[in-house]
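Participant: Based on these hints, arrange chain B on the given structure of chain A.
Residue numbers (the numbering used here), protein chains in the order written: chain A, 37 to 214; chain B, 4 to 266.
Just so you know, the hints here were simulated from the structure itself, not pulled from any lab data.
Computed from a prediction, not measured in an experiment: that's the story for all the values here.
Virtual Cβ for every residue (Gly too), placed ideally from N, Cα, C.
Don't take each hint at face value.
[Said to hold, decoys possible] What follows is a list of derived Cβ distance ranges for each label pair:
no.: 1; chain 1: B; residue 1: G209; chain 2: A; residue 2: L46; range: 54 to 60 Å
no.: 2; chain 1: B; residue 1: L78; chain 2: A; residue 2: A121; range: 56 to 62 Å
no.: 3; chain 1: B; residue 1: N35; chain 2: A; residue 2: A82; range: 38 to 44 Å
no.: 4; chain 1: A; residue 1: I162; chain 2: B; residue 2: L78; range: 46 to 52 Å
no.: 5; chain 1: A; residue 1: L93; chain 2: B; residue 2: L78; range: 51 to 57 Å
no.: 6; chain 1: B; residue 1: Q125; chain 2: A; residue 2: L93; range: 54 to 60 Å
no.: 7; chain 1: A; residue 1: Q118; chain 2: B; residue 2: S13; range: 52 to 58 Å
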Amino acid sequence: MKAATNTFTLAARVLHWLMAAMILAMLFIGVGMVASVSARHAWLLAIHKPLGIAILLLAVVRLAVRLRHPPPPLPADLPALQKLAARASYWLLYFLMLAMPLIGWAMLSAGGYPVMLGTSLRLPPIFPASPVAFAVLRHLHGGFAMLLFLTFLAHMAAALYHGLIRRDGVLSSMLGRR
Amino acid sequence: MVGRFAIPGSNPYAPDGSVPIRSMALRFALANGQQWRTGMNSMPVFPVATPQAFFAQLQAQQPDPATGKPNPAKLAAFFAAHPETAAFRAWAKTAKPSASFATESYWSLNVFVFVDAKGKRQPVRWRMAPEAADAGSDAGRTGDTDYLAADLAERLTQGPLRWQLQVTLANPDDPTNDATKAWPDDRRTIDAGTLVLERAEPQDSGPCRDINYDPLVLPAGIAASDDPLLPARSAAYADSYLRRTSEEARLPGSAAPSAETKR
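Looking at chain A on its own, in the form it has when it is part of the complex:
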């Protein structure tokens, strides 16, 4: 795919916005389901698991796209510390969007649960049954979710800072228009 050097490729942009919506929804589904004992608990949980696996698959595709098509360079006049923060937050986001579904899957495996994505589709366990591992992974899943939410907030704040205050083309490189 050909793309102008100052924007992300179409594939990268589609994946970015699609996954942004999915991950943000997932964070609220996650906190909503653990906070509820109503019927919402069951149906949010029923969405949470297949949505998580969908995010995992898309994250793998996205990582491949990212490695194949390097993103447009950051503005040359951006202070080194901000460049570092930008790169660190990208890789933290990549790590979390791959790690969160894997931890969730491993956690259910460790708890001895069948990993059901629907009424009959079942994924194999990826971790041996262990109550201790379940507890550690379950807390890690919640902790990383919080970290993902904070990273998302920082990412969004930085995007708005680039788009509204610096007006340096960083936000439009992901919006796809100049």
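Facilitator: Same frame as chain A, but now just chain B:
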């Protein structure tokens, strides 16, 4: 197949004779990797129909700090405000703590839905009906507060214990969302199989300990009904399971079992 016998309540050291209710929980592991988990109690109806009413019941049962016992006035007020508890209270009046797990029936309480290959839905309840019908030993009267485990071990030395899995089918207008209401006795009941219990292990070291008997872990073909207690049980059991396993993992903030909690 792994299962767990228990008595209800939040105190793991409660004497076996303190409540008339016993429970049986089972995990069926299917050949295709799916599971069916069920937690059943030895009474035909549940006291309340909703998580909100159950919360109110728990609050009314809280021990009064002054006496260390639940306040009878609060309990009376709760029952007056919740007439749906009548069927359970009628059962509780005549129920006596049994001397054995083996002689009890265990009911699913909540309604589930069997779904056939064409998607046809049939609301059901099930019950494990015991083969043993004797009055039981007098173990409970000898001062042993943990007599149910001793009785179970004793019986298993004589041979396996059996229950019939009886599935009752609802008629079209039977309530499916109200665990306080039993269906009429004339509903069709199918004998779906025999549970044969061959061996028991202590729960502190046995495989039953680390299972969350979440009633919504269901295989293809069994679905939840619209009973609001089901998602509440699932959510509360998940929290309880995390607390238990966190304790096992000795994670910071988790409860530490100590001699002081032993009563």
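Participant: Would you pick out the hints that fail for this structure and give their numbers low to high?
Facilitator: Hints 3, 6 not satisfied by this model.
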